[in-house]
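Protein chains: 2
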Amino acid sequence: MLKVSLLGTGGTMPLPGRNLTALLCKCKGSMILIDCGEGTQVALKELGWGIKNIDVICLTHYHPDHIVGLPGFLSTLGNSERREKITIMGPKGLHKIMEAVMVMAPYLPYPIELLEIPVEGLEHFSIGNYYIKSLYLEHSVPCVGYSIEVKRGRKFDPNKAKELIIPVEYWNTLQKGGSILLNGKTIEGNEVLGPERSGLKISYCTDTRPVENIKEICYKSDLFICEGMYGSDDYLERALGNKHMLFSEAAKIAKSAEVNEMWLTHFSPSLNEPEGYLEKVKDIFENTIIGEDLMEKELKFKEN
Amino acid sequence: MLKVSLLGTGGTMPLPGRNLTALLCKCKGSMILIDCGEGTQVALKELGWGIKNIDVICLTHYHPDHIVGLPGFLSTLGNSERREKITIMGPKGLHKIMEAVMVMAPYLPYPIELLEIPVEGLEHFSIGNYYIKSLYLEHSVPCVGYSIEVKRGRKFDPNKAKELIIPVEYWNTLQKGGSILLNGKTIEGNEVLGPERSGLKISYCTDTRPVENIKEICYKSDLFICEGMYGSDDYLERALGNKHMLFSEAAKIAKSAEVNEMWLTHFSPSLNEPEGYLEKVKDIFENTIIGEDLMEKELKFKEN
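One line per chain: the protein sequences are A and B, in this order. Going by the working numbering, the first residue of the first sequence is number 1, and it counts up by one from there. Going by the working numbering, the first residue of the second sequence is number 1, and it counts up by one from there.
Do not rely on the hints blindly, as some may be mistaken.
Said to hold, decoys possible - Each pair of labels, with its calculated beta carbon distance range:
(1) E273(B) to Y110(A): 31 to 39 Å
(2) W49(B) to G29(A): 42 to 50 Å
(3) N260(B) to S80(A): 38 to 46 Å
(4) R83(B) to S80(A): 50 to 58 Å
(5) S80(A) to E273(B): 16 to 24 Å
(6) G29(A) to E273(B): 49 to 57 Å
(7) G17(B) to S126(A): 44 to 52 Å
(8) E292(B) to I112(A): 31 to 39 Å
(9) P269(B) to P158(A): 52 to 60 Å
For the record, the hints were derived by calculation from the structure and aren't laboratory data. No experiment lies behind these values; they were computed from the predicted model shown. Beta carbons are placed, not taken as given, at the ideal position from N, Cα and C, and that holds for glycine.
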């Protein structure tokens, strides 16, 4: 199971009633935060999932609306009695940004591990139960998108164990991935496992123009969280200039990447009623949802 | 006239429903902001006085809850089309902090003037209509308190002008502070002005232990905004350890400094109902008010 909450839906600056865009993912007690704008720690407090178990922070890029909350969040995390290492990853420039963050929030009581994403991207980096993939997108500064997968192990198949005439007292060892020596022959756990099972995948892309790497990141996601800075197609010129996307551009990617569901977010401060553009964008990709602050979803493994 | 608004009342971290402590002062279209924590720009937006005319930012110290909002605020100020210089002042360490802020918010379209307050403090520094005084207080890091005064000019006294037999056509020049040459004798503006008139004074002290310099800063203020981290006297040991104040300690200063009114603020996140301690603190200083987010007051010149 993978739980996610969209902590905010704003871009550029926090507004009364609209937090800055950030995402929290939770799986088996370990959490990943994507981006940390001004006020993200307040949204986390409102959400109520706690913060002590945030083990990874993925930063998309270093514009103020995505990182200004870091010094305050990291200080509050220190006050939450966390003493275990936290991993912070982001595109090139991470060390310079984190040095500035640490000037504003020195003396944190836990170690920080920094992972700067190489230009070729990050392929299936695993941390805890998560598999993280990251690719560079196209914004006015170096910017990356992320996919986060929770893989699902193959199931123990008692029929296979019976075929191999394995006594029941050995099953538990094999279920846990161990091997046994039976009648002089080694039997590995994978010999008694069922077929591959699909896991869960979410993806997160903001801020960017609609480049091919987004499709690679979000391909067949259960949930794709994507920026939609402007609702109307009339803002194409502005989107080109600011390196952002229109709702319709995001929807075209969602469709071609065969995602299950898309949440739009990172709305321009001037976009007061994003819902007004939903109907039109649903013509492109039906399962589009206009993001709302603190919206949450529980993704469950499919029965297979 | 001097308008003030207390933008928040929290200390340590922003909470849902409680912004971090900061103050906005407005006089004749020019504004001063004291401190800029995470979310201060959202409070400013809610208040609705605009931000473009904030000419000075006074920082008390560099703990995250007082400065984390700077990169976001300064970026938003850039988006507000401000192109005029802004002055930022604060205790020693200002340049290092501002360098870090500028890593997070580069390319601001206006110049920033930095004024690091010398160890002996700042005596009646004037900027626009404001006279700013600052002294070092006692916290776990270098920290200063501020007083902001708006002085009031002496009034033109027509009786004095008549006594000196000055023709009415010269009065306007003298009223504006000019001088005239009349019958071979120079007459200065101040010869026809009435008595000194009292101006307006507000003062702001947080975070600190109750040291003598606070009294010097807030002496006879019309409004004294003061930290009260803890409501109950039972927290004295914690206040001593964290270098903060109890409500009762703040009230004793307000009384001895003969201020007109005191607003308490910068409440500990664990202090849920500061109002519960009001009655007891009023026994020490009657005109104490428990601060509330976005509380405002218009201070008017006294008739004299």
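Open item on the list: Tell me the numbers of any earlier hints that the structure contravenes, in ascending order.
Closed with: Violated hints (numbers, rising): 4, 6 and 7; every other hint is consistent with the structure.
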